[in-house]
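K.L.:
The listed protein sequences correspond, in order, to chains A, B and C. Numbering that gives the first Met the number 0 applies: residue 0 is where the first sequence begins, and numbers increase by one. Numbering that gives the first Met the number 0 applies: residue 0 is where the second sequence begins, and numbers increase by one. Numbering that gives the first Met the number 0 applies: residue 0 is where the third sequence begins, and numbers increase by one.
Treat the hints loosely; a few may be bogus.
To be verified - Listed next, the in silico SDA-like pairs over lysine to any residue satisfying Cα-Cα at most 20 Å (straight line):
1) A:217 to C:71
2) B:153 to A:190
3) A:279 to B:237
4) A:214 to C:71
Stated by the list, open to error - Chain B is faced by these chain A residues, among others (derived, beta-carbon under 7 Å):
5) 77
6) 101
7) 104
8) 107
9) 135
10) 140
11) 146
12) 174
13) 219
14) 220
15) 221
16) 259
17) 296
18) 310
19) 313
As the list claims (entries may be wrong) - Computed Cβ-Cβ distance ranges for the label pairs, DEER-style:
20) C:355 to B:48: 41 to 49 Å
21) A:165 to B:164: 47 to 55 Å
22) B:241 to C:273: 22 to 30 Å
23) A:31 to B:230: 24 to 32 Å
24) B:258 to C:355: 24 to 32 Å
Hints were generated in silico from the structure; no laboratory data involved. Small disclaimer: the values here were computed from a predicted structure and weren't measured. Idealized CB from N, CA, C, for every residue including glycine.
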Amino acid sequence: MGNVLVLAEHRQGALRDVSFEMLAVAPKIAEELGGEAVVLLMGSGMDDMAKKMTGYGLKVMVVDDPAFENFNAEKYQMALSALLDDLKPSVLMVGHTAQGVDFMPALAVEKKLPLVADVVELAFEDGTLKATRQLYSGKVNAVVAFKPADTFLVTFREGAVEAPEASAAGDVEKLDSPLKEEVPYRKFVEYVEAEVGDVDITQSDILVAIGRGLKEDKNLPMVEELATAIKADIAGSRAATDAGWIPHDRQVGTSGKAVKPKLYIAMGISGAFQHLAGMKGAKTIVAINKDPEAPIFTVADYAIVDDMFKVLPKLTEKLKELK
Amino acid sequence: MKTFVCIKYVPDTSEAEVKLNPDGLTVDDSRFSFDINDADNYAVEESVIIKEAQGGEVTVLSIGPKKSEVMIRMAMAKGCDKAVRIEDDRIAAHDPLMVAKVLAGGLKDQEFDLVLTGCMANDDWHMSTGVALAEELGVNHASMVNKVEILDGKVKVNRELEGGLMEVVEVDLPAVLTIQTGINEPRYAPIRGIRQAQKKELNVVSLDDMGIDAAAVNADASQVVLEKLYIPEVESSAEFIEGEPDEKAEKLASILQKGGLV
Amino acid sequence: MQTFTEKYDLLGCIQCGRCTGGCPVTVRADLNVRQFVNDAYDEDKLEELAKLAEIWDCTACHTCAVRCPKGLKPLEVLIGLRTMIVESGKVEPTVRDALQSVLLEGNPWEKSRATRSDWMEGLDVRIADPDEPVENLFFVCCTIAYDPRVRAVAQNMVKLLNKAGVDYAFLPEDESCCGSEVLTLGEEGLFEMQVEDNTEYLNEFKAERIVTLSPHCFTTYKTHYPDLKTPVVHYTQLLVDLLNDGKLSWKGELPKKIVYHDPCYLGKQGGIYDEPRELLKSIPGAELVEFERRRERSLCCEGGGGKMWVESESKKERLSDTRIKDAKELGAEIVAVACPFCVLTLEDSMKGLGYEEEMRVAEIMELLGELMET
Ligand SMILES: Cc1cc2nc3c(=O)[nH]c(=O)nc-3n(C[C@H](O)[C@H](O)[C@H](O)COP(=O)(O)OP(=O)(O)OC[C@H]3O[C@@H](n4cnc5c(N)ncnc54)[C@H](O)[C@@H]3O)c2cc1C
Ligand SMILES: Cc1cc2nc3c(=O)[nH]c(=O)nc-3n(C[C@H](O)[C@H](O)[C@H](O)COP(=O)(O)OP(=O)(O)OC[C@H]3O[C@@H](n4cnc5c(N)ncnc54)[C@H](O)[C@@H]3O)c2cc1C
Ligand code: SF4
Ligand code: SF4
Numbered sequence: 000m001g002n003v004l005v006l007a008e009h010r011q012g013a014l015r016d017v018s019f020e021m022l023a024v025a026p027k028i029a030e031e032l033g034g035e036a037v038v039l040l041m042g043s044g045m046d047d048m049a050k051k052m053t054g055y056g057l058k059v060m061v062v063d064d065p066a067f068e069n070f071n072a073e074k075y076q077m078a079l080s081a082l083l084d085d086l087k088p089s090v091l092m093v094g095h096t097a098q099g100v101d102f103m104p105a106l107a108v109e110k111k112l113p114l115v116a117d118v119v120e121l122a123f124e125d126g127t128l129k130a131t132r133q134l135y136s137g138k139v140n141a142v143v144a145f146k147p148a149d150t151f152l153v154t155f156r157e158g159a160v161e162a163p164e165a166s167a168a169g170d171v172e173k174l175d176s177p178l179k180e181e182v183p184y185r186k187f188v189e190y191v192e193a194e195v196g197d198v199d200i201t202q203s204d205i206l207v208a209i210g211r212g213l214k215e216d217k218n219l220p221m222v223e224e225l226a227t228a229i230k231a232d233i234a235g236s237r238a239a240t241d242a243g244w245i246p247h248d249r250q251v252g253t254s255g256k257a258v259k260p261k262l263y264i265a266m267g268i269s270g271a272f273q274h275l276a277g278m279k280g281a282k283t284i285v286a287i288n289k290d291p292e293a294p295i296f297t298v299a300d301y302a303i304v305d306d307m308f309k310v311l312p313k314l315t316e317k318l319k320e321l322k
Numbered sequence: 000m001k002t003f004v005c006i007k008y009v010p011d012t013s014e015a016e017v018k019l020n021p022d023g024l025t026v027d028d029s030r031f032s033f034d035i036n037d038a039d040n041y042a043v044e045e046s047v048i049i050k051e052a053q054g055g056e057v058t059v060l061s062i063g064p065k066k067s068e069v070m071i072r073m074a075m076a077k078g079c080d081k082a083v084r085i086e087d088d089r090i091a092a093h094d095p096l097m098v099a100k101v102l103a104g105g106l107k108d109q110e111f112d113l114v115l116t117g118c119m120a121n122d123d124w125h126m127s128t129g130v131a132l133a134e135e136l137g138v139n140h141a142s143m144v145n146k147v148e149i150l151d152g153k154v155k156v157n158r159e160l161e162g163g164l165m166e167v168v169e170v171d172l173p174a175v176l177t178i179q180t181g182i183n184e185p186r187y188a189p190i191r192g193i194r195q196a197q198k199k200e201l202n203v204v205s206l207d208d209m210g211i212d213a214a215a216v217n218a219d220a221s222q223v224v225l226e227k228l229y230i231p232e233v234e235s236s237a238e239f240i241e242g243e244p245d246e247k248a249e250k251l252a253s254i255l256q257k258g259g260l261v
Numbered sequence: 000m001q002t003f004t005e006k007y008d009l010l011g012c013i014q015c016g017r018c019t020g021g022c023p024v025t026v027r028a029d030l031n032v033r034q035f036v037n038d039a040y041d042e043d044k045l046e047e048l049a050k051l052a053e054i055w056d057c058t059a060c061h062t063c064a065v066r067c068p069k070g071l072k073p074l075e076v077l078i079g080l081r082t083m084i085v086e087s088g089k090v091e092p093t094v095r096d097a098l099q100s101v102l103l104e105g106n107p108w109e110k111s112r113a114t115r116s117d118w119m120e121g122l123d124v125r126i127a128d129p130d131e132p133v134e135n136l137f138f139v140c141c142t143i144a145y146d147p148r149v150r151a152v153a154q155n156m157v158k159l160l161n162k163a164g165v166d167y168a169f170l171p172e173d174e175s176c177c178g179s180e181v182l183t184l185g186e187e188g189l190f191e192m193q194v195e196d197n198t199e200y201l202n203e204f205k206a207e208r209i210v211t212l213s214p215h216c217f218t219t220y221k222t223h224y225p226d227l228k229t230p231v232v233h234y235t236q237l238l239v240d241l242l243n244d245g246k247l248s249w250k251g252e253l254p255k256k257i258v259y260h261d262p263c264y265l266g267k268q269g270g271i272y273d274e275p276r277e278l279l280k281s282i283p284g285a286e287l288v289e290f291e292r293r294r295e296r297s298l299c300c301e302g303g304g305g306k307m308w309v310e311s312e313s314k315k316e317r318l319s320d321t322r323i324k325d326a327k328e329l330g331a332e333i334v335a336v337a338c339p340f341c342v343l344t345l346e347d348s349m350k351g352l353g354y355e356e357e358m359r360v361a362e363i364m365e366l367l368g369e370l371m372e373t
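Model the full assembly from the supplied sequences, consistent with the hints where possible.
P.N.:
In structure tokens:
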């Protein structure tokens, strides 16, 4: 039918950013296919969210079923499997998130459909759908083409594109829940927050973030001195928290915190996308890294290519002086 | 508890410059160091921790070249009991769905309670193989796992979600878990252990040995084509501050100060 | 299996305490090496002893071995205990990664083997070939090869050799770690393997001598490689010979007060005290001063013994800080060393103490390199 079906993701009652971001891509693909982009929402008590999703001039299909109260990969796979048979979309787009990666590969295997994961760009070229994805920490891009298939499956990276502006309201269509049988296996137990310590980095104005480049915790005092001098909190990459240099609640990124400080100083952080995803909201980004090729420089406003340990002492000293 | 752990031998590219081969489809890896994939190292450790607590047996499964055997022996030195290395040029390695199919072939006719994989490979970043493997095997799964608790006939795991949130779920065994980094602290494989591990069973098999039809897992069977690789331009609006380290620091300090940022 | 007591000759100890009395780390850590020599006699206690954090405080400076009247090597008891931990696999992640890197890439710095000779870029270096006999076969050292801070040691050496017309060759990138730090970190099995592999590899070359740039490689080859055919020297020995033959001459001068720090591995372990001093004395304009604690009594910088990968719990002053303060008191403008680890530890302290304006830490080859160019 040439439609592009976009699965809107939500958690604990709130829609996730990637749900909107995919709407910047889906209509263009649908146009090439001679179909339309359609949003799919699955959950329990979906009226408010459905309203939010209709603001983009697209039809929103809603499956409202208490069985979907919490995300469950088995249920999602079962429901989408049935919906693919019914709706026969040409493309199914899902966020490349902890939810998306938990069922899309299984769905692809079950339906014998092609899947390209972690896509940052999606476009038609000479009648073929092509996906761009990144390899080797973003140092190489790969273009992957889909061979002809009933439905192309895509998981799309969060933060790869900007969400479009809201426009006219679209229609809401309620679908019967495709879930027939009670799923016996996976059982949702609860959500637990990672432990929060004394500092909440999501509230910080200035963050000094450290990465694996810190090398060892004996180097931490140098960073602390800078942080104290400019009244910043210390955050870091996953490499820094895994190493135990800073507590886990100081981790910035997809599996840590999304932060929005006015100043973010990244030192010894390469800029893996999971990290960048958490800091893109920062107003001004300073990156210090000895590798001129480090991807962190693609998002930086001010960049220093050098050994952070050579720059740090002077920087601290100077900032103290300027106060 | 019978566990399989799937591990991959990957290049370390975090500091190195990456160059492409003239074919435009592969990366020149001659100057990289290779090691076990990060997440897989944690998966190996978790499998051994589970074995130490529950008893049982751990088998390593890996698709990769001969030179990756050192990685396999290291896993055995840490406590894994056996290994199967699959080597076959015909596998469509660019498609995790094909890789999963081959791994599933390696598990066919085997009894198992748990299969652990890494949640993501450092080189290709698909995050797909483990979940696809579960479907191939027709068993349950949970991805991005950073805590495992074995219960009676099932396993309770924490899944790491975005935003520092953990989803706790229970799945019945047998199951595939894709393991997230940080779940444990991987141990060191001492050489004496590696030497003793030389005596452990390591079978090298091809697709034919496993009874897998190459036509089901080769590039023709894959529904996606790797068209090309390219090095993205570092599109940067960044202002690069030049000079000696001290000068750079001073310039940056005054930029921050003048901009009212500190 | 030899028991601990047999292996380290524990019964020979008379508990005189000279080892602990001279041990430099006692001022910062709880380490009492005499106590370990005493307690390790009880095989049942070994596991408990191995769990004590202070076994990782030893820097393998060998002061205790030099001082022991019975010819024991007390530090080896500590290393033996480390071995027990290493073989259980439960070592610090930093140690784990360094050791694993030695196995996989032939260096403890987690660098790829293929990039080991990158320091040669832009230089006219003669590369060794097993089929071509050579007088001086150079072994670079992992730290000098990979750490940009100390690469100049090798780079300047090449320039100097080319200029002096010396018959030399450097090993290609299949040169592997000598195992000095592997040994002291207690990874006995890996070290045995390195000795086997390196002996076979180095014996393929026909050379009059192997010249090492780092005293760690020097001592390790000299004392732990019984089947190595070729004699091993430290570069300062070769350069003094060249100096005496009139093959080295310096341009310009360096009118500075220089203090020489005896690296533990070159002095206490290698017995080389005079050659580095002779080289420094040959520098026009230089004034050589001496630490109070010098030669056999030289204060350890805490760079050896695997300490590059194990941080002390102690927050007390680092020995390298003490050393730099002593140098400052002497009015030294340059702290000269002949060891890459000493450069790293002492320079770190020098910077940490804020003496950057008035003091400099330099490897002797760095100084000589500058005098060739001007
Ligand atoms: C599911 C999942 C979720 C994840 N979530 C997150 C997340 O939330 N947050 C996160 O950060 N990561 C996350 N990661 C990990 C992420 O992929 C990267 O591995 C991680 O961000 C890398 O951290 P890093 O930049 O500190 O280390 P590296 O990538 O190792 O980079 C270190 C950098 O430091 C530089 N450097 C080294 N020494 C110096 C020096 N002396 N001076 C200056 N620069 C130096 C190097 O050039 C290098 O660029 C996640 C991964 C997965 C699979
Ligand atoms: C251009 C290109 C060329 C490539 N060439 C080759 C090649 O010649 N040979 C080759 O082997 N690979 C090759 N690959 C790698 C291949 O793409 C991946 O192995 C495959 O796509 C699986 O995806 P992933 O590694 O991203 O795994 P993810 O979906 O991210 O999952 C990773 C997890 O799956 C498991 N896993 C993945 N691969 C293996 C494996 N090989 N053995 C055991 N467990 C595994 C591990 O537990 C791992 O943690 C190439 C990739 C590209 C992009
Ligand atoms: S080698 Fe040095 S640090 Fe170690 S115990 Fe002996 S004297 Fe102390
Ligand atoms: S110096 Fe030698 S004899 Fe004296 S206590 Fe120490 S080990 Fe024993």
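K.L.:
Now look at each hint and say whether the structure bears it out.
P.N.:
Structure-based check of each hint:
1. A:217 to C:71: violated, 34 Å
2. B:153 to A:190: holds, 19 Å
3. A:279 to B:237: Judged against 20 Å, a Cα distance of about 14 Å means the pair holds.
4. A:214 to C:71: Roughly 37 Å separates the two Cα atoms, so the pair is violated.
5. 77: violated, 12 Å
6. 101: holds, 5 Å
7. 104: holds, 4 Å
8. 107: This interface hint holds because 6 Å falls under the 7 Å limit.
9. 135: holds, 4 Å
10. 140: Since the shortest Cβ distance to chain B is 5 Å, the answer is holds.
11. 146: Given a least distance of 5 Å, the restraint on residue 146 of chain A holds.
12. 174: violated, 24 Å
13. 219: violated, 19 Å
14. 220: violated, 17 Å
15. 221: violated, 12 Å
16. 259: With a closest approach of 13 Å, the residue 259 of chain A hint is violated.
17. 296: Holds: closest Cβ of chain B sits about 5 Å from residue 296 of chain A, inside 7 Å.
18. 310: holds, 5 Å
19. 313: holds, 4 Å
20. C:355 to B:48: 41 to 49 Å: For residue 48 of chain B against residue 355 of chain C, whose Cβ atoms are near 47 Å apart, the range 41 to 49 Å holds.
21. A:165 to B:164: 47 to 55 Å: Because 27 Å falls outside the window, the suggested range is violated.
22. B:241 to C:273: 22 to 30 Å: violated, 45 Å
23. A:31 to B:230: 24 to 32 Å: holds, 28 Å
24. B:258 to C:355: 24 to 32 Å: holds, 29 Å
Comparing the model with each earlier hint shows violations of hints 1, 4, 5, 12, 13, 14, 15, 16, 21 and 22; every other hint is respected.
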